[in-house]
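With chain A held as given, fit chain B onto it using these hints.
Chains as they are written, first to last, in our numbering: chain A, 1392 to 1795; chain B, 1392 to 1795.
Rather than coming from a laboratory, the hints here were simulated on the basis of the structure.
Ideal Cβ placement from N, Cα and C applies to all residues, glycine included.
Hints may contain errors.
[What the hints assert, rightly or not] Stretch-level coverage of chain A by chain B, calculated; a stretch enters the list once three of its residues show a Cβ under 8 Å from a Cβ in chain B:
{"id": "1", "stretch": "1538-1551"}
{"id": "2", "stretch": "1562-1573"}
{"id": "3", "stretch": "1576-1589"}
{"id": "4", "stretch": "1641-1652"}
{"id": "5", "stretch": "1718-1731"}
There are 2 protein chains.
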Amino acid sequence: MASVGTVTAQSMHFAAPLPLRSGAALRDYTLVYETYGTLNAARSNAVLVCHALNASHHVAGRYAGQDQATGWWDNLVGPGKPLDTDQLFVIGVNNPGSCFGSTGPMSPNPDRPGQAYGADFPVVTVEDWVDAQARLLDRLGIEQLAAVIGGSLGGMQALGWTLRHPGRVRHCIAIATAPNLSAQNIAFNEVARRAIVTDPDFHGGHYQQHGVLPRRGLRVARMLGHITYLSDDSMDAKFGRALRAPEPAYSTQEIEFQIESYLRHQADKFSEYFDANTYLLITRALDYFDPARDAGDDLARAFAPARHNRFLVVSFSTDWRFAPARSREIVKALVDNRIDVSYAEIDAPHGHDAFLLDDARYHGVLRAYFERVAREAGAARPHHAHPSPLPAPRGAGPARHEAP
Amino acid sequence: MASVGTVTAQSMHFAAPLPLRSGAALRDYTLVYETYGTLNAARSNAVLVCHALNASHHVAGRYAGQDQATGWWDNLVGPGKPLDTDQLFVIGVNNPGSCFGSTGPMSPNPDRPGQAYGADFPVVTVEDWVDAQARLLDRLGIEQLAAVIGGSLGGMQALGWTLRHPGRVRHCIAIATAPNLSAQNIAFNEVARRAIVTDPDFHGGHYQQHGVLPRRGLRVARMLGHITYLSDDSMDAKFGRALRAPEPAYSTQEIEFQIESYLRHQADKFSEYFDANTYLLITRALDYFDPARDAGDDLARAFAPARHNRFLVVSFSTDWRFAPARSREIVKALVDNRIDVSYAEIDAPHGHDAFLLDDARYHGVLRAYFERVAREAGAARPHHAHPSPLPAPRGAGPARHEAP
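Bound-form chain A, shown alone:
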C-alpha cells in the first residue's frame, strides 16, 4: 500500500461570521485543509475526516522540505489503504480554535489590533465545527459527503453531522467515541484545565502579550491526558515497573521509573507545539457535546433526524476513556430509530489510542465498510496508477498528490 506522498496544506478564507452555539460569533476566519485522491465528476465520493484533540488537517502523506511530518492517520488513508484514495476523495480540515493553522487563539484578534485572540477566542463546540466544515464543503462544491469519519472527539463531529446536516452525509463512521462525556471524563479535563489556568505564566490566557507560555501547566495536562489514552495493561506491558537505573535512587523529584521518563518526554514535546488556550477550548468542546440534552435527555430522540443516514460504530475493548458501553449507547439509540448501523467491538489491548493504530481486525472492518461507501458513491476509477504496493520512497514518491 502506497502513501499519498507529499502533500500541501491549502487554506480557505470565510468573510461571513460563523454563528456559534454560545450565541457569540466568529468573525471572518480561515480554515486550513488537505485533500487526497480525486473528486469524481458526480462529486459523490468525498469523505471528510474529523480530527480529535491534538491532531489537525494533516491526515495523510508527508510535507515537503524540512518538516516531513507524516499525517496522523496515514496508516488508514492512502492508495489501497482501508480509506482508499484511489476510490474516495478525502478531506482533512483543521477546526477553528485549533493551533495548527485555522483561525484560533493564536490568530490576530480583529477587535484588538496588534493582539492575538488569546483567551478572548470564543468558545467553540462540536456543532460549530460541523457548521464550519459544511461551509468549506460548500466552497469545494460538495453537496453531500459519501461519508464522515472520526475517532474520539472526531467521532463526535461525525455524529454531529448526522444530527445537524443529515441530508449532506450518507455514512457516518464514529470510532472510540461517546454520546457525551461522563463525570469522570469531565473531571480529568478539569484537572488538565486547572493545571494550565493556574500556571502563573497563563496570565488569564493572554500569555502571548506577556511573552511567556504556560508550559508547566500544559505538560501536566498532557501527561494526564496521555494516561487516559492508554490501557492499564498496555502501560504494564510497555513499561511495567521498570526502573531507569539498576537500583532505585530514592528520590521524590528525579525520574525513577521508565513510565515517568516516557510521560515527561511526551509532555515536553507536546508543550513545544501545542497552544494552551486551544487545549482549554478543545476540552470544553468535549465537555459540552451532549446531543441528548437538547432532546429531553433522550438520545434516541436526538438521533431521529439521522434516520436516512447509515452508521458504522467501532469501539475497543480496553478503551476506558470512551468504553465500549458508551458506543453501545449510540448503537441502541440508532436501533431504536431503526437506523442502519453496523457495530464492531474490537478486542485490542491499546486502550483509547487503538483508534490511531493499524490493528488488522479494526482496519479490516473499516476497509469493508469503505468498499461499501465507495460502491454506493459510484466512485470513479483513479486518475493515477500506483505501480507497486510498497510505500513510496521517502521524500518524493511516485504517488505524489498535490491538494487541488
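Coordinates of chain B only, in the frame set by chain A:
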C-alpha cells in the same frame, strides 16, 4: 454503637536513628499516636491501624476543644463496632514523613538549625514505616500484635508487617490494596508530583524558607487523586453532567459542571492542611513498595516468611485504583505458601473510597474476622460499660477515653 468519645493524641520521642531502606537514616524523631480501648494483662489484644495517603493517627473519636474532627475510621473503630474497642486495644500511629505531627518535612532539620527539613527529609518507604511502628510497640510493651489492619497504602504496611516482623503479628488485614503499583498507578502519582514540583512556589521543596506554599500544584494533585478514589459510576450517580446553572455559560475557565465545583472545593480544602513535600514522599512510598522485587519478582517467595500469619484480604468490585485482580495476586501468593487466608470481594459502587465507608457486607466481614482475632487474643472484658448503643453525646460522652 458508641463512639470512643473524646481522645487525645500522644507522642513518643525516639533518640536512636531509624535506618532507612534508602541507606540514609532518620535522626532522632517523634511519633504521634492515639489508642482506644484497654490493653489486657497479657498484652495480647493490640491492633495496629496503619494510615493511607492523607490520613493520620487520628483513627477514631473526636478531639476536645475547637477541633472536633472525627477520626478517619470512626465508623469501624469503637465500642461495639466491627473493630470493637471493648475487646481490642487499638493503636493509630502517624508515620514519619507525614504532616500531622510525627517528624516530617515540616519539622526542624537537625542538620540545619533554624530550618525545616523541607525537601531534605529522607525518602521513607513502607518498610521504614513498619520499622518505626515496631519501635513504638517496643516502647508500649507490646511484643506481638493481635492484628495489623490497613487500607490502600495502609494495607501495604499491614502486608509489610508480615514480611518484616512476621513473629510480631498474628493477623494481617489488607484492604483495597495491591502487591505493588501498576505503571498506570505510578503514572498518576508522577503527574501529581510534577504538578507540585513545577509550581513556581515549590522552590525545590524549600518553600517554607521562601514564605510560600505550592498550593496550586497541591490542588491539581489532589483533584487528580480524588478522581482515582471514586468509581466512574459513583461519579455519574453523584454528579453526572449536572450544570451549576440552568444553561451553560460557555466558558473555558469558569465552573460549568457540578463535578468541577466539587473537585475544586476538595482541592482547596486539601491544600490548606496538607504539606507538598509529604505528598511527594507518600506517593513515592507507594511507588517503591514491591515485596516481590527482593524475591526475584516472585510474590509467593516474598510471602514465605509470613507462613505462620493469618490473613484477611478485602477488595471492592468498582475499585479501579487497586482492582480486585491485584488483591487476588496477594491471595494467590499466600495460597501458594499454604498460608491461612480469607478473601472477600465486596460488590460496592464507591470505588477505592469504599474501604472508608460503612457498607454493611464489608463491615460484616470485618466484624466476624475481628471476633476471631479477639477470641484468639483472649481479649479481656472491658473495664468500662457503655450504657446504651447510641452514639455518645457530642463533646463529652459517657465513653470518654483518654489515651494511656
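- [ ] Tell me if chain B covers the stretch 1562-1573 of chain A under the three-residue, 8 Å CB rule, please?
- [x] holds (count 3)
- [ ] Can you take a look at whether the stretch 1576-1589 of chain A is actually covered by chain B? Rule is 3+ residues, C-beta closer than 8 Å.
- [x] holds (count 10)
Open item on the list: Under 8 Å between beta-carbons, do enough residues of the stretch 1641-1652 of chain A, three at least, approach chain B for the coverage claim to hold?
Closed with: Answer holds; 8 residues pass the 8 Å Cβ test.
Task: Residues of the stretch 1538-1551 of chain A with Cβ under 8 Å from chain B, three needed, outcome - done: That given contact is violated, which follows from only 0 residues of the stretch 1538-1551 of chain A lying within Cβ reach (below 8 Å) of chain B.
Task: Claimed coverage, the stretch 1718-1731 of chain A by chain B - three or more beta carbons nearer than 8 Å - done: Coverage by chain B is violated here, the residue count being 0 at a Cβ distance below 8 Å.
The structure fails to meet hints 1, 5 from the earlier list, while all remaining hints are met.
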